[in-house]
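Starting from the known structure of chain Y, fit chains C, H and X with the ligands onto it as the hints suggest.
Which chain is which? The protein sequence lines are Y, C, H and X, in order.
According to this note's numbering, the stretch in the first sequence is residues 1 to 271, in order.
According to this note's numbering, the stretch in the second sequence is residues 1 to 271, in order.
According to this note's numbering, the stretch in the third sequence is residues 1 to 271, in order.
According to this note's numbering, the stretch in the fourth sequence is residues 1 to 271, in order.
Heads up, a few of these hints could be off.
Since the list gives no way to pick one copy over another, a pair counts as held whenever it fits inside one copy or between any two copies.
Said to hold, decoys possible - Calculated cross-link-like contacts (lysine-lysine; reagent style DSS-like; alpha-carbon spacing at most 30 Å):
#: 1; residue 1: Lys-238; residue 2: Lys-252
#: 2; residue 1: Lys-233; residue 2: Lys-154
#: 3; residue 1: Lys-238; residue 2: Lys-3
#: 4; residue 1: Lys-3; residue 2: Lys-158
#: 5; residue 1: Lys-252; residue 2: Lys-39
#: 6; residue 1: Lys-233; residue 2: Lys-158
Keep in mind the hints are simulated off the structure, nothing from the lab.
A quick note: this is a predicted structure, and the numbers were derived from the prediction, not measured.
4 protein chains.
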Amino acid sequence: MEKLIITCALTGAEVTKEQNPAVPYTVEEMAQSAYEAYKAGASILHIHVREDDGTPTQSKERFKVILDAIREKCPDAILQVTTGGAVGMSDDERLAPVELRPEMATLDAGTINFGDEVFVNSFPSLINFAKKMKEFNVKPEIEVFDRGMVENAKRLLKMGLLEAPLHFDFVLGVPSGMPADIDSLTYMVRSLPEGSTWTVAGIGRYQLPMAVYAILLGGHVRVGLEDNIYYNKGELAKSNAQLVERVVRIAKELGREIATPQEARRILNIK
Amino acid sequence: MEKLIITCALTGAEVTKEQNPAVPYTVEEMAQSAYEAYKAGASILHIHVREDDGTPTQSKERFKVILDAIREKCPDAILQVTTGGAVGMSDDERLAPVELRPEMATLDAGTINFGDEVFVNSFPSLINFAKKMKEFNVKPEIEVFDRGMVENAKRLLKMGLLEAPLHFDFVLGVPSGMPADIDSLTYMVRSLPEGSTWTVAGIGRYQLPMAVYAILLGGHVRVGLEDNIYYNKGELAKSNAQLVERVVRIAKELGREIATPQEARRILNIK
Amino acid sequence: MEKLIITCALTGAEVTKEQNPAVPYTVEEMAQSAYEAYKAGASILHIHVREDDGTPTQSKERFKVILDAIREKCPDAILQVTTGGAVGMSDDERLAPVELRPEMATLDAGTINFGDEVFVNSFPSLINFAKKMKEFNVKPEIEVFDRGMVENAKRLLKMGLLEAPLHFDFVLGVPSGMPADIDSLTYMVRSLPEGSTWTVAGIGRYQLPMAVYAILLGGHVRVGLEDNIYYNKGELAKSNAQLVERVVRIAKELGREIATPQEARRILNIK
Amino acid sequence: MEKLIITCALTGAEVTKEQNPAVPYTVEEMAQSAYEAYKAGASILHIHVREDDGTPTQSKERFKVILDAIREKCPDAILQVTTGGAVGMSDDERLAPVELRPEMATLDAGTINFGDEVFVNSFPSLINFAKKMKEFNVKPEIEVFDRGMVENAKRLLKMGLLEAPLHFDFVLGVPSGMPADIDSLTYMVRSLPEGSTWTVAGIGRYQLPMAVYAILLGGHVRVGLEDNIYYNKGELAKSNAQLVERVVRIAKELGREIATPQEARRILNIK
Ligand SMILES: [Mg+2]
Ligand SMILES: [Mg+2]
Ligand SMILES: [Zn+2]
Ligand SMILES: [Zn+2]
Ligand SMILES: [Zn+2]
Ligand SMILES: [Zn+2]
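Chain Y extracted, bound-state conformation (with noise of 0.2 Å):
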């Protein structure tokens, strides 16, 4: 079984510090939320960037600023853009930070509901954020969040816009996706392309048990704030480090080793 790359999403969108004072904003939260994080063996940071009050932004500045910081404390770590963005935002501005050529960034594989919004990701603009990556020489975490988003993937790959090995980032737990167990996870999990790479975030209460069934696996693990805010039922996670340090307990419990940023790169074939 190959070592074990731990992504660590140190903020997200919407999670906020009124809910766990913890959640990173400015670009000092964000450097340094990354570096324990990273110190813990989080070989990926995956990023969204907000503005010292809180609010989310794909702007190209506010990325190069932040990235600039956690590159300074985490010289070697993986740093993995998202592209997600806002409801309402065009693809161009999602793709914004792409164009700061991270060695990753997430790519979004369908349309879903979040909440009572419609998370939009159609065919044609899954197509610009591919064509985008490969333009800026950016290896995509394909976000997953339903069965049907793999087939659009494969698709892609088929189109020459995705390039094999892919790699999946299984989001199991939003309400209106694919929910979070056994069943359901390797299902997806056989439906990859062989020879594909894949890991598992599992939204809120889900995060720990998908960690631990992907250490089994041979997948890989993303925690984080951005997806969960509490360590335990009824506690709330005292910083990113402690979701990551849980991780690597249990995997050493395990036996597996932890992925260097180095050896990730390795195995996730990024050049």
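Then chains C, H and X with the ligands, alone, in the frame of chain Y:
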């Protein structure tokens, strides 16, 4: 095992006479095609309506004329109107035929890409649709194109907007949706609330194998030109009835009896 | 999908003329029943032999007479001898017909309860059986009654006693074995070494549904009076051919062509 | 989710002090090892007995001495005697310790190859075992090594020889049995009669991952030197307690509480 309920999806909104001349548009064509399918063994007629030139419409008046014409020829068939509508229509437009109090209507249980378009069914819309059907005493057939949509239905059930037992239609094989294979079908069946009934609509060349799986598994079957215009590879279907007849023949070979409309009402708990 | 190989299990060792008069015992009955099944579409004839009074035997002489009689009527059919024998027989007794160098023989891949008896196939016996078949250039059909038996076959493969690609027969629905349902069948299919072929023998009333699943899934089918003496509930099968004919009709409805013996040889890699 | 019942399989019949000096043989060793495992969190002690030189025995007297010694140190632990015995023993020999009326005993639910031997449990024997346990008011733990054995248990249940709710132990990873992987485990769980409880014993290096799956899935866990003499690859376990402690630590990380013996009795419906 319960008797087999066959639904015939007569015309849909997208297939055309250019693709297959048997696709019915006019009132007379709809009534005749419905009648043949019904005589062949369909107990539910799934109905979109179109203008004489094939343009799809959610016009209540057009629905009324066509439902009446079908009822005249198939007095005891269960008529199921679509509320799928077309891209850009409001909920109210899509819901218009529900006011005619047909016995059943479809309820699309989430948002998904359809080709280059997005078929939007936000959660607030789902609430609208469920309420309207409840108000007009119309039994919903919950259309699910991917796994997360079952979760939406469960939420509506919990909210009291849908009433158990639920009836689902798994639409499998849409390019951005769940694929039509046995792993997906059994996974979906396991996901249903206990006591639910289900039918399956395999798209295109998947219509036949999905139908046969359903016959064997105790589910129900939807066939018809809306979902599939071919009888065999490269050979157009001659009529809706021809597709129904094949299901009837196979069900007979497999020892599963065909439900009459009256039996279908009991199985689906239509009151 | 490859063409469909139909195996007909003509007589077995346990069903009797008292249960169904169509069960063949004598040389003439066996040859005639084989011929009818072969004409109906069976490319493999699975053969137990019995004395004229129905007593099962592994006598090499009796096998020779019957194989010769069948070959005369079905010159190109693939003859598959059983090595199942009866409780208490030695390996050598069970293996006697292999010395006749038929194209195929069954290899029971583990031990399991059969009714109140134990059908013993220890691992050292499996080694004997595999070696003998290799020595006589007989293609084994690996009979698996439960999941662990696939593991036994993999071990023999690793030991070089079986040769890839392996060919399996899932015998499903024996009271102490794996049940005949789609969950079990798909689980078994996922367990096979890549490149393996498989057929399925559903016991009793499971013969037909298992056959249909196999047609749809790209597997192959075994039917015949050995496994099932009924045509429908409460209605005895008139002949082995009648059971084959139904599979052929359904395969035709489902667009799967029937393999000739020559095509079956290629699919199974029989040299 | 119910609290986690940990069973410790202290010594078995096959592992030796030569393989791992921590394997207990003598009365004192058994009592001490049981005590440590119990203090670590095991609520059920699964007990084989051996002579001082390690020879396994089903002697009622030896069982009595050892059960008494264990009871003295672990007054409220649930003692579960094996009825597995050794190749060649009669049912009566194997059942001898049941007459001591321990709270639980194992019931091996079918026949399977064990290495080069056959572990025979014919259906008539299963009837004997079930009857004896019923007579002595001993709760059976149904040992299943492959899928068909669940069917045997269901038959005994239907015959009234076992009483619902049933409690199963999935022994996974025996060379000729069902392998220890998540696909097998979830398949097995789906096969149980509703209301059943289950534990899992992964053999050798599968002990730990199977335990963790069970923690996550709501099953229960069996660990111990009988099934696995290693703590990590190439590193012998120091004691039974060490294996229990690791499960307790992981369960704690995963938020699953450990059942006391009294809680285990309630969960298993032991009266
Ligand atoms: Mg979706
Ligand atoms: Mg077995
Ligand atoms: Zn994100
Ligand atoms: Zn429709
Ligand atoms: Zn046979
Ligand atoms: Zn034991």
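Looking at the structure, which of the earlier hints fail to hold?
none
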